[in-house]
Amino acid sequence: MTSKLKTDILETVSGSGTTLTSAVMPSGSTLQYIRVNMTTAPNSTSTTFFDIGSIAITPISNNSTLVITVCSGSSEAGNFSLHRVWNNDTSVSAGDWQQGGWQGQAAQAFTHTLSQSNTRTTATTFKYQGKVDSGTGYFNYSNPNPYLSITEIKN
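Read in order, the letters of the sequence shown correspond to residues -8 to 146 in this note's numbering.
Please note: incorrect hints may appear among the correct ones.
[As the list claims (entries may be wrong)] Below, computed lysine-lysine pairings styled on DSSO-like, alpha-carbon distance capped at 30 Å:
hint	residue 1	residue 2
1	Lys122	Lys145
2	Lys118	Lys(-3)
3	Lys(-3)	Lys122
4	Lys118	Lys(-5)
5	Lys145	Lys(-5)
[To be verified] Distance windows between CB atoms, simulated:
hint	residue 1	residue 2	range
6	Ser35	Ala100	17 to 27 Å
7	Leu22	Ser45	17 to 27 Å
8	Val58	Asp87	17 to 27 Å
9	Asn78	Lys(-3)	22 to 32 Å
10	Phe40	Pro135	37 to 47 Å
Just so you know, the hints here were simulated from the structure itself, not pulled from any lab data.
The beta carbon of each residue, even a glycine, is placed where N, CA and C say it ideally should be.
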């Protein structure tokens, strides 16, 4: 279950004082946090990237950093699997990251964190994708609670 707290203004109990909006929050403040649980564990022999999960955000500020976290796992009955995060057909990661090793690699849970500078307040979707070099890949495997999250941090 996902919860979200939304407010336009936070004031003191007496109703006086400075209202707290994203415009007056200091640099480094968390503006919003979104988490999506991934409920499927796809198996694939695809040697081209396919979608494993996605998460959407409408940034509050046009001067922020989006921190994207992938908490997943994989196992391979081949050589290795490759993973990446994409946003509007653009790679967020500085290249793809590899999980696994040689044939018969044990299942591995992992957390991978990426960041992207943000200059807009329009909705955007990030996709977590994977592929194998050969054999079969088991994605969202060996992790009982795989998820994607985005934290928007004010610059």
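Check: How does the Cβ-Cβ distance of Phe40 and Pro135 compare with 37 to 47 Å: does it lie in that range?
Finding: violated (25 Å)
Check: Between Lys118 and Lys(-3), is the straight-line Cα distance small enough, at 30 Å or below?
Finding: holds (25 Å)
Check: Does 17 to 27 Å hold as the CB distance between Ser35 and Ala100, or does it fail?
Finding: holds (18 Å)
Next item on the list: State, for the Cβ atoms of Leu22 and Ser45, whether the hinted interval 17 to 27 Å holds or is violated.
Entry: holds (21 Å)
Margin query: Does Lys(-5) sit within 30 Å of Lys118, going by the straight-line distance between their CA atoms?
Written below: Roughly 21 Å separates the two Cα atoms, so the pair holds.
Note to self: Holds or violated: Lys(-3) and Lys122, Cα atoms, limit 30 Å.
What the structure shows: violated (37 Å)
Checklist line | Given pair status - Lys145, Lys122, alpha carbons within 30 Å | finding: It is violated: about 34 Å lies between the C-alpha atoms, which goes past 30 Å.
Next item on the list: State, for the Cβ atoms of Asn78 and Lys(-3), whether the hinted interval 22 to 32 Å holds or is violated.
Entry: holds (23 Å)
Checklist line | Restraint status (C-alpha distance of Lys145 to Lys(-5) at most 30 Å) | finding: It holds: about 18 Å lies between the C-alpha atoms, which stays within 30 Å.
Next item on the list: Check the following: the C-beta atoms of Val58 and Asp87 are separated by a distance inside 17 to 27 Å.
Entry: holds (19 Å)
Violated hints, listed in ascending order, are 1, 3 and 10; each of the other numbered hints is respected by the structure.
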